[in-house]
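So the protein sequences, as listed, match chains A and B. According to our numbering, the first sequence holds residues 1 to 144 in order. According to our numbering, the second sequence holds residues 1 to 301 in order.
Since the hints were made in silico from the structure, they are not lab data. If you're wondering where the values come from, they're calculated on a predicted model, not measured in any experiment. Any given hint could turn out to be false.
No farther apart than 27 Å at their CA atoms in a straight line, the calculated lysine-lysine pairs in the DSSO-like style are these [unchecked claim]:
#1 B/K114 - B/K95
#2 B/K95 - B/K25
#3 B/K34 - B/K114
#4 B/K187 - B/K34
#5 A/K76 - B/K54
#6 A/K73 - B/K54
#7 B/K22 - B/K95
#8 B/K80 - B/K34
#9 B/K10 - A/K48
#10 B/K154 - B/K54
#11 B/K10 - B/K187
#12 B/K187 - A/K109
One-letter residues, chain by chain:
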Amino acid sequence: MSDRTLFLELVTPERMASQGRADFVVLPAIEGEMGVLPRHQSFLVQLKAGEVRITENGQLRRFAVSGGFAEIKDDKISLFAETAEMAEQIDRERAEQALERARAELVQKNLDPVTLAAAEAAERRARVRLMVAARKRAPLRGRD
Amino acid sequence: MPSLREIHRKIKSVKSTEQITKAMKMVAAARMRKSQQAILAARPFASRMEQLAKDLAAIEAGARAEGLAESSAVHSFFEKRTGGPAALILVTADKGLCGAFNSNLIRAAIGWLKARAGRKVYVAAVGRKGRDFLHRLRGHDLEFLTELAGIFPKVQFSHAELLGRAVIEAYETKGLASVTLIYNEFKSVASQNLVETTLLPIPSPQGKSVDETAIAEYGFEPPRPQLLAALLPRFVKAQLYRVLLESQAAELAARMNAMDAASNNANELRQSLNLGLNRKRQAIITREIAELVGGAEALAS
Numbered sequence: 001m002s003d004r005t006l007f008l009e010l011v012t013p014e015r016m017a018s019q020g021r022a023d024f025v026v027l028p029a030i031e032g033e034m035g036v037l038p039r040h041q042s043f044l045v046q047l048k049a050g051e052v053r054i055t056e057n058g059q060l061r062r063f064a065v066s067g068g069f070a071e072i073k074d075d076k077i078s079l080f081a082e083t084a085e086m087a088e089q090i091d092r093e094r095a096e097q098a099l100e101r102a103r104a105e106l107v108q109k110n111l112d113p114v115t116l117a118a119a120e121a122a123e124r125r126a127r128v129r130l131m132v133a134a135r136k137r138a139p140l141r142g143r144d
Numbered sequence: 001m002p003s004l005r006e007i008h009r010k011i012k013s014v015k016s017t018e019q020i021t022k023a024m025k026m027v028a029a030a031r032m033r034k035s036q037q038a039i040l041a042a043r044p045f046a047s048r049m050e051q052l053a054k055d056l057a058a059i060e061a062g063a064r065a066e067g068l069a070e071s072s073a074v075h076s077f078f079e080k081r082t083g084g085p086a087a088l089i090l091v092t093a094d095k096g097l098c099g100a101f102n103s104n105l106i107r108a109a110i111g112w113l114k115a116r117a118g119r120k121v122y123v124a125a126v127g128r129k130g131r132d133f134l135h136r137l138r139g140h141d142l143e144f145l146t147e148l149a150g151i152f153p154k155v156q157f158s159h160a161e162l163l164g165r166a167v168i169e170a171y172e173t174k175g176l177a178s179v180t181l182i183y184n185e186f187k188s189v190a191s192q193n194l195v196e197t198t199l200l201p202i203p204s205p206q207g208k209s210v211d212e213t214a215i216a217e218y219g220f221e222p223p224r225p226q227l228l229a230a231l232l233p234r235f236v237k238a239q240l241y242r243v244l245l246e247s248q249a250a251e252l253a254a255r256m257n258a259m260d261a262a263s264n265n266a267n268e269l270r271q272s273l274n275l276g277l278n279r280k281r282q283a284i285i286t287r288e289i290a291e292l293v294g295g296a297e298a299l300a301s
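Using the sequences and the hints given, assemble the complete structure.
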């Protein structure tokens, strides 16, 4: 390993979700997971909904992201995600409730477009949360 | 001269107006703090996205120069079109009582429309005030792309999503030459900035910001055309979201200032009315005493 580190910024339209150094980052790229180490080639990649894993000094942090993009340039990773949440902060029950609520709203007919778009976004968000939360319960061995 | 009772009535009405404006000021101040935080939190995303778009535009330009991409492969968001109808996105407030906030926007919109008089123009209206204004407007060849009303002060990303979808679709299908945004930017609590800017096509940076080799060094997944097709609409929506938040915070700040000024004026008016009332009452008392004294003297003599 080199002495160089990555600098990672995870931003969503609502806020800066995370900002800091990292030694190794795994991104949920559209064609499969992608690991990034320092001195990586400049890269632009589309992300699908999934899990971002950030390792720094042996510490692993995980985020649930619901699709987006990442730009890797000069050891700097900019992650643009629609939503991002710390895996540890996800409340499974609340996510399940949110998913149900959103689905109940979506089956209604004649929704005005504003409500419809909000419900769609809520549904997407809840699905990713559950996906990452499920992985938290049963960690795959031999990973990371 | 107004009678005592008339002045009393006036004071009462000024007082109740003052109470209302004071309450509105408090409400605007509380909401503004929230939306100020929202805009400050949203700016990093928008500014980073802008940087990314600039990189992309430069890469795109570089690719074209090197002949790596055929001109047809240039994404339509970067393509400079001539002719074609123009589109305007006007972001106003839903309500009045916020000083010159809306009228400044509408004046700018009129100027913009005048410059394109006689040509077909598409508009998207955000906020009730702007929508009503555009509906009332006659003598222009207007067509509504979409309208969003009642979204303030609870702007969400889904609103930007809706607006963006409508605008992008029109840009692709109706051959728009450009899409212009007119909105108020939140500069500080005391001041808003009217901004007129081009949303599409995405302006390409002047000069060379990436060196020649940069394009070859970039990797793309999925391949560049697909990546751009997915990324650029997202970029446009992110920008729109920031604009909506800016306008929301600016509106609340403008309302807070307008209501503060109104409260001060009401207070001043009340004080001067009070002074007038007291003077008048004193004058009446003096006159009555004079009359009494005069009467008593007349009796005594």
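Going through the hints against the structure:
The straight-line distance between the Cα atoms of B/K114 and B/K95 is roughly 25 Å, inside the 27 Å bound, and the hint therefore holds. Taken as a hint, the B/K95 and B/K25 pair is honoured in the structure, with Cα atoms around 14 Å apart against an allowance of 27 Å. A distance of roughly 37 Å separates the Cα atoms of B/K34 and B/K114; the hinted pair therefore is violated under the 27 Å criterion. Between B/K187 and B/K34, the direct Cα distance comes to roughly 15 Å. Compliance with the 27 Å bound is thereby established for this hinted pair.
For a cut-off of 27 Å, the pair hint linking A/K76 to B/K54 stands: about 16 Å separates their Cα positions. Between the alpha carbons of A/K73 and B/K54 the distance comes to roughly 14 Å, so the proposed pair stays at or under 27 Å and holds. For the given pair, B/K22 sits about 17 Å from B/K95 by alpha-carbon distance, which is consistent with the 27 Å threshold. Restraint check for B/K80 and B/K34: the C-alpha separation of about 39 Å exceeds 27 Å, so the hint is violated.
A C-alpha spacing of about 65 Å is found between B/K10 and A/K48, which places the hinted pair above 27 Å, so the restraint is violated. A C-alpha spacing of about 30 Å is found between B/K154 and B/K54, which places the hinted pair above 27 Å, so the restraint is violated. For the suggested pair B/K10 and B/K187, the alpha carbons sit about 38 Å apart, so the restraint of at most 27 Å is broken. For the hint linking B/K187 to A/K109, the alpha-carbon distance of about 42 Å lies beyond 27 Å, and the restraint is violated.
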